[in-house]
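Work out the full structure, taking the sequences as your base and the hints as a guide.
Protein chains in written order, with my numbering: chain A, 188 to 470; chain B, 347 to 1137.
Please keep in mind that the hints were generated in silico from the structure rather than gathered at the bench. Even for Gly, the Cβ is constructed at its ideal location relative to N, Cα and C. The hints are all genuine.
The following label-pair restraints were derived from C-beta to C-beta distances:
(1) A:Leu-425 - B:Asp-779: 35 to 45 Å
(2) A:Gly-233 - B:Lys-402: 20 to 30 Å
(3) A:Val-209 - B:Val-415: 38 to 48 Å
(4) A:Arg-197 - B:Lys-402: 37 to 47 Å
(5) A:Leu-425 - B:Ala-1064: 22 to 32 Å
(6) B:Asp-664 - A:Ala-289: 38 to 48 Å
(7) B:Leu-501 - A:His-295: 50 to 60 Å
(8) A:Pro-226 - B:Ala-1064: 17 to 27 Å
(9) B:Gln-1136 - A:Ala-449: 22 to 32 Å
Take a look, some chain B residues computed to stay more than 12 Å from chain A by CB distance:
(10) Glu-483
(11) Gly-519
(12) Pro-586
(13) Glu-754
(14) Asp-910
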Amino acid sequence: MIPGKFDYVRPSTVDEAVAALVAGGDDAKVLGGGQSLMPVLRLRMGEPSVIVDTTRIDEMKGITDAGDAVVIGAGVTHDDVAKNALVREHLALLAMTTEHVADRQIRHRGTMGGAMAHADPAGDQPPVALAMGASFTIAGPSGRRTVSAADFFVDYFTTAVGPDEVLVNVTFPKHTGWGAHYEKFNRTAQAWAIVGVAATVRMDGGSIAEARIGLTNMGPGPVRASGVEAALVGASTLEAIAAAAEHAAEGTSPNSDIHAEAEYREHLARVLTRRAVAQAAGL
Amino acid sequence: MTEMLESTKAIGRPLRRKEDAKLLHGRTNWTDNIQLPGTLHMALVRSPMAHARITKVDLSGALARPNVVAAYDAASLGDLNSGVPCVWPVTDDTVMPPFPALTGDKVRQVGDVVALVLATDAASAEDAISFVDVEYEPLPAVVNMVDAISPGSELVHDMAANNTSYVYNLGGGYADEVAKHPDAVIVKRRFVNQRLIPAFMEPRAVIAAPMGMSDEITIWTSTQIPHVLRVLLTLVTGIPEQNLRVVAPDVGGGFGGKLQCYREEILVIQLAKKLGRPVKWTETRSEDMVATHHGRDQIQDIELACTPDGKMIGLKVDLLANMGAYLQIITPGIPLLGMFMYPAIYKMGAYQFQCTGVFTNTTPTDAYRGAGRPEATFAIERIVDEMAAELGMEPMEFRTKNWIQHHEFPYTTVAGLTYDTGNYEAATAKAMDMFGYKALRAEQEARRASGDPIQLGIGISTFTEMCGLAPSRTLGALKYAAGGWEHCTIRLLPTGKVELVTGTSPHGQGHETAWSQIAGDILGIPVEDIDVIHSDTGRSPYGMDTYGSRSLAVGGQAIKKAADRVIENARPIAAHQLECAADDLEFANGAFTVKGDPEKTVTLGALAWAAFSAHNLPDGVEPMISGEATVDPEDFSYPHGTHLAAMEVDTETGKVRLRKYVCVDDVGNQINPMIVEGQVHGGLAQGIGQALYEGAEYDSDGNLLTASLADYLIPSAADLPSFETGTTVTPSTTHSLGTKGVGEAGAIASTPAIINGIVDALRPMGVTDVLMPASPQNVWRAIQAAKGAQA
Ligand SMILES: Cc1cc2nc3c(=O)[nH]c(=O)nc-3n(C[C@H](O)[C@H](O)[C@H](O)COP(=O)(O)OP(=O)(O)OC[C@H]3O[C@@H](n4cnc5c(N)ncnc54)[C@H](O)[C@@H]3O)c2cc1C
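Written out as structure tokens, the structure is:
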């Protein structure tokens, strides 16, 4: 790999990182696990002047219990997220999707914050953040602010994080006891999703009381399948789930690329939603 | 021969590979690891356009960059801008357009090379290429073969009248033969054998250095063909052959992709000579995807005629073969390596073949594991299934009815090849047994009956292939420039150890182990006492290298002959020492013994010392003992086998799962069964890769869409089941060790097995073909189309 020339700084606090970004101007870039940034540098799709390495910032590394929510530092690796006891107990869907990210090596490097900030439409975790109503803590020159998932994801590879800002952590409301399932549809075992459907449901006496469904790669950013969520309330049979899943592609705008045409992605969204919900509901 | 195999110790044993410790401990010497003082690093300005006229090249910006020493375009490189060679014009009138290392007039493919920069470090060279100012006047790109041969198409090469490189014909009489059968059943298909990218693990790298004050230039390059390359580099650069040394250090895979004389190799050597300094180039993966030759890429029109009761009458094949933008080393010949194989294992009355080589604005194609034979095997095994369906016959029964039976060998096929031996019945029976064929057919019926969304299909491929390239006279008759012999020299060292010099050039195959097993058994010397020397024209001057499953099939015979000669050359010395007639000696287990007097014996090791000290040699016998042999094979080798795949198809999404894969290969005698199995596994992964995952795709402007390994998908272990492999052994009678080639078998056999399995699963839904790679979307579309047709 021969990237363009860049300066490198490795701050130990969020404030120092923000200061380094401000000093670096528009061309500064945050480095998390490097699993998306390095390919960009390698292909010279970007030639930042300064790389601000956030991997030594302690504040961004923990997973903490905040009562009715779990706070995950932006610098926590996928592997640590997937194996964390709090996450597994209260955010089963996040644990499942994170296990499906890339391969083992990449999961040991890539971070929660990097995946969210990179906002690849094929990313596995952003739809979970959206469906579960996560919120994002962003630090910048004028302090910290909190942004809801609905406002965080803006467009292809674009989020609410400004060029001089750092994503510090992501807060997920607990979904303790909810059934969960992730249907990742890809061509080879370690490839990105062609379509992914993340479903989590709260059951009440054999029928679905509440459902949260996020779709991967069905638009420029993560998509929440609200139509399906509404239609699922009260569903207790596979037929009812299948009928609700027919709404899965509503309001989506998937891409056509070499792996799949938009029409096929829409079809997959419906089939996979039915399967994911049936599994999550244990039906 | 059988005797020898029974009495030996090493041959036939699954010995661990000698070369693996080095690989596993990272003690390898890849070309890119070679660092020479004063090296200049080369970076290339590659065309971002598939077809354009070059209107300006300004090097001054790059020359002004730090650490840049020189920069060239076609004009400034002048006489040193040699042409990239093609050694296989298949017809007298094959159009062979110029292919300069740096292109000056037009670019003809994305990745074509317009200019180069040399700097004292690789990063400076890479930085500087974006400062070379090139202006292009875009021209329409000719991407697809059907368009390319349409009248009025844009021309890839202005010097040619059209985009056809050649038209080749073989056989004939198909229509006459069919006419004899008024009730003939005819099945026609158009198959697309898609373009593949070799994707070896180690990208290419090359470094050339003038050696001190001598005239010698040494070039280290990640190649499969150091010997052939030396001749070619001499022919294209004019550097005398005796001054040129080509070394292939450890090479991380080739699959045909490093069976080439690349422009980068030519440039590096010319620049090293001109500037008197080492010059080095290492490609990135992104470069590799566009700049290393691709494989396959044929449109296959195939027609099979049968009697209504299922006897084959004749076969007609009409190919469009994509050459890409230029002809590389054997680009035009690749489809012809497949031409003899369309009739495969079947008996029929007539065969007619035509192939049209077509230029397009794409990366040139050339050999990729199997080279022509996978394409042929795919087409014939697919259409055999389609014919069986048309006739309402069980596909294995249909094959059985038409294949050459074991007692009919040697058998001369309708394509003119004479297969020495084979036993399709035995391999098939064993494979069906291992597979549980009947039980799976029963499960298939049950799933069909219950309307299970997951349908099951059974894919069959009963293949043979021609390999062990090749009898030199045959190559000559096909207009290939070189021969197909192989060389071996075996030297007994004074201390009884052995140097075995081979002309084969392994890049992952395990020759060091297998060659030691052969020589060790013949000479009665432990495998670990034999050092195999290869892949360096300075140490191993004669050879034809490694490709076409030839190394054991051809090179193995040279080893046997050379080892036999060592024994014969040692015999007079032994007779002299034991004071007997040479004829009274027998040789076994590394020692000569006087017949009937087991006490009177002398080991080869002792004779080696005697021949070295030379104190007491018989008159007229020269010091040192060695044996040399160069063997031109009597014929190709014809391995065969039966491959069976159980394919589960999710009819809702189109996603397929390879549930079980069983193959029984007959590669004749086996030197090292573990290496045989490894070759089969790797080949299967690549053949299954073609069926399910791989495919180089271009957009209509000629941009490669699958330009990274994120988009060009190759299977990993996680995508494949544990293969169940078995073998039968029908020794070759034309090869002195009774062996047949195995390097390409898996890649040749497996692709149609997978696709046949998918189609078999979906046939009740009306599906009769699936495009490769059988991606979920392609399978889903096939299902949708069949539903639409039935509605
Ligand atoms: C081969 C391969 C396969 C992959 N497959 C998948 C997959 O299947 N599913 C999937 O979801 N992902 C996949 N990924 C992506 C992987 O999950 C990455 O780890 C993730 O997208 C980025 O995380 P990172 O920590 O490595 O970020 P980096 O690469 O370091 O950064 C990515 C981007 O985010 C910015 N950034 C990083 N951290 C912060 C922060 N704290 N604040 C502000 N900006 C920040 C960077 O500036 C950069 O623009 C794959 C990656 C590779 C290389």
